[in-house]
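Colleague: Take a look at the letters that make up each chain.
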Amino acid sequence: MQYHYHKHDVIIVGAGGAGLMAALYAGKEVDTAVISKLYPTRSHTGAAQGGIGAALANLEEDHWEWHAYDTIKGADFIGDQDAIEFMCKDAPNVVFELEHMGLPFDRTPEGKISQRRFGGHTNNETKQAVMRACNSADRTGHMILQTLYQQCIKHNVNFYDEYQMLDLIIEDGEARGVVAYEIDTGELHVFHAKAIMLATGGWGRVWNITSNALTLTGDGPAIVARHGLPLEDMEFFQFHPTGLFKLGILITEAVRGEGGVLINGKGERFMPKYAPTVKELASRDVVSRAIYLEVLEGNGIDGKDYVYLDITPKTVNHYFEVDNSRLPNGELRHIDEDYVRAKLEDITDFCKTYVGVDPTKEPIPVQPTAHYAMGGIPTDNDTRVIANENKDPIPGLYAAGECACVSVHGGNRLGTNSLLDIVVFGRRGGKVMAEEVKQKDFKPIDAESAVAKVQAELDAILNNQGTETIAAIQQEMKNIMSKDVGVFRVEEGMAEAVKKLRELRERYKHIHIDDKGKRFNTNLMEAWQLGNLLDIALITAESALARKESRGAHARDDFKERDDENWMKHTMAYLDADGNVTLKYKPVVVTKYQPVKRVY
Amino acid sequence: MQVTLKIQRFNPEKDSAPYWKEYTIEAEPTDRVLDGLLKIKLEQDGTLTMRSSCAHGICGSDAMRINGVNRLACKSLFQEVGNNVTVEPIAGLPVIKDLVVDMEPFMEHYRSVLPFFINDDPPPEKERLQSEEDRLKFEETTKCILCGCCTTSCPTFWATDAYVGPAAIVQAHRFIFDSRDQGSAQRLEILADPDGVWRCRTIFNCTNACPREIKVTEAIAEVKKEILFSKL
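Chains as they are written, first to last, in the numbering used here: chain G, 1 to 600; chain X, 1001 to 1232.
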């Protein structure tokens, strides 16, 4: 077996916000390298728009405890409260650190970091929306990604760009390395390490309409699952209410934070029916279901499956008056076209480019779009990956960001908390890994066997003479998941989805590809990644089928209520080599907040 | 609508030189050129190779030459580019395969301008303050996504690959005009090199190519002025 061998104390897989933050922190102290299937600045952190949540109180009263409670409530009480408290308390500090790294936040008139309203973030006393989202126009994620990458260059972090992780090397219950494929050459590389962090992002590509990049294929969690390790709360996947019609491109919640309203086909503002207090700024699961229900009742625009998001100053100023919505200084809120263009510049550009709509003058057509994985690789609060319900860590293995489940987002993530999650837990993981690898030697690995296993997986695709195609299997998977494991779910549909996904997994064994070459074989990579998506889809469907309640993003027509007595627990799903999924459960960590009915 | 895409192909394992190949697909006028390329890859020829990720103009993966102009394939709709479309790799960088080029020379120039925040003073407990006015001075150049459309549309860069190129200057601009940064003198010295800003002949190709609508030529001019001014 031919392969290249590398040795680093810490290997981080994925170069989005979590991976880069971890790399900065680990890299300060120990030999650290980042493997990424993309150039780091192509990572999907760059697509995050509206802001990063932190109770800085730069414009009005706010407290990290309010942020924590909003997050717990947003999570529909299935987030782990100790982890959430840690994250929200750390938030102001980590936002200041980003500013010290040069991140160009928008500014208040006093020169402080600017903040704006976002869904689910409230003043806990008045219950009104609070300005907590620290932002840089509507490209906050872009600024975070660029800033962190710039700092990595400054601090000489090692990068292996355009290397696809194909497997983890786990021996004697300890993670000791990674096998990766150099996309340019088709050669295999073994990375021997003392600590490995997975920061591979999400898997929205399981569904038809998604805000996620083409490359978000769940590689990290799928590899972890194939090693017999559990994935947590996979049934909780967020559908963002406002994806651009047909394309699914994210239209930030900041549009609503700046005053945008949702209008149905009858010209009615419908959110007051569903969330009388905060209306459009209810949490995302609530707003997505409202849109879905409006469409079901025939209230979509022209009877179709979308509604309007209206940020035209005329409409917005009208509703500011209706709601008596005021600035902290008591003035009635008011916006004009220049303000919309300045605060939502990229959104304006997307709307013009893709649907020919100028959002300062016309409403934007939107529909829910598969957006964010609350579930993922289970970790403790120090980002250590855990192997079971007893939370026993797997030595050497860490995970952070969207691919991980700490769990700080529970059943539904609040907007701005994903950017917060990646920097808080990226930093935490970087520090913890640096400390732990200092106390530890490299353990032996059987690189030959690890490479042989991966080569066999690739050969099974390269040499396959079957008649199945990536196109057909991918499309069927997306159709199944969108129809039966989407915004609303029922028993029969999900059972059918599980059955069909099993058939698809069989068919996948007979997939053939056109490109058999070594150089830049994206055909081979896409076929391999499709295998990951199929594993993730099956685990998601099985986890969802079992949960007989409605909570957060998991909404069932046949079990409409939340059932705290039986279901206030985390799902731990184990996939075996035959494709069977075993479900176990882990208690939710409660510090001081008992579940109450969620009303916005 | 029926669209014909004429694509420059090159497989280093088989071909001695690039060649053109035509594909015909059914597409909606509002489909992106990237949708068309992916459709060909999925349905007609899996060997067709390009980079892509976010598919909405934010990640910068799919810069290519479309009808002779540098653009992102995911930000170009058939209704604008027509139903006879030529697609080639961006120019001035070595082609790896089909539409994929080696970005390393581009990234090397990027790294050469100290593209990171420099301020050695101990930071305050909270944020460093910056006025809204000062913040706006470098707003434009923070939008850069390093796609390479500007640098690889520059005739000077095609002729002299030692030229640092518009993208690297844009990245330097972002810090030079940031009131919080202390590294301007070093960056200006780097860019005052014969292969720095003075190679720019204000041809404006970069500005026209930028998918983020950054006024690249103007940013370069501001850096030139700053070099002259700081030497007075």
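For the record, the hints were derived by calculation from the structure and aren't laboratory data. C-beta: ideal position from N, C-alpha, C; glycine also. Just so you know, not all the hints are guaranteed correct.
[Stated by the list, open to error] Residues from chain X that keep clear of chain G, each with C-beta distances beyond 12 Å, as calculated:
#1 1019
#2 1026
#3 1086
#4 1088
#5 1208
[Stated by the list, open to error] Partial list, derived from the structure: chain G residues whose beta carbon lies under 10 Å from chain X:
#6 5
#7 114
#8 154
#9 246
#10 467
#11 470
#12 510
#13 514
Colleague: Each hint needs a verdict: does it hold in this structure or not?
Modeller: How the hints compare with the structure:
1. Taking the minimum C-beta to C-beta distance to chain G, about 16 Å, the non-interface status of residue 1019 (chain X) holds against the 12 Å cut.
2. Every beta carbon of chain G lies more than 12 Å from that of residue 1026 (chain X), the smallest distance being close to 14 Å; the non-interface claim holds.
3. Under the 12 Å C-beta cut-off, the non-interface status given to residue 1086 (chain X) relative to chain G holds; the minimum distance is some 21 Å.
4. With a cut of 12 Å on Cβ distances, residue 1088 (chain X) stays outside the contact zone with chain G, its closest approach being about 16 Å.
5. The claim that residue 1208 (chain X) lies off the interface holds: its Cβ sits roughly 16 Å from the closest Cβ of chain G, which is beyond the 12 Å cut-off.
6. Checking residue 5 (chain G) against chain X: minimum C-beta separation of about 22 Å lies over 10 Å; hint violated.
7. For residue 114 (chain G), the interface hint holds, since its Cβ comes within 10 Å of a Cβ in chain X; the closest pair sits about 9 Å apart.
8. The beta carbon of residue 154 (chain G) is positioned within 10 Å of a beta carbon in chain X (closest approach about 4 Å), and the interface hint is therefore held.
9. Contact between residue 246 (chain G) and chain X, as hinted, is supported at the beta carbon level, the nearest pair being about 8 Å apart and thus within 10 Å.
10. Restraint check, residue 467 (chain G) versus chain X: the minimum CB separation of about 14 Å is more than 10 Å; hint violated.
11. Annotation: interface hint on residue 470 (chain G) holds; nearest CB of chain X at approximately 6 Å, less than 10 Å.
12. The beta carbon of residue 510 (chain G) is not positioned within 10 Å of any beta carbon in chain X (closest approach about 16 Å), and the interface hint is therefore violated.
13. A cut of 10 Å between beta carbons decides the hint on residue 514 (chain G): the least distance to chain X is about 3 Å, and the hint holds.
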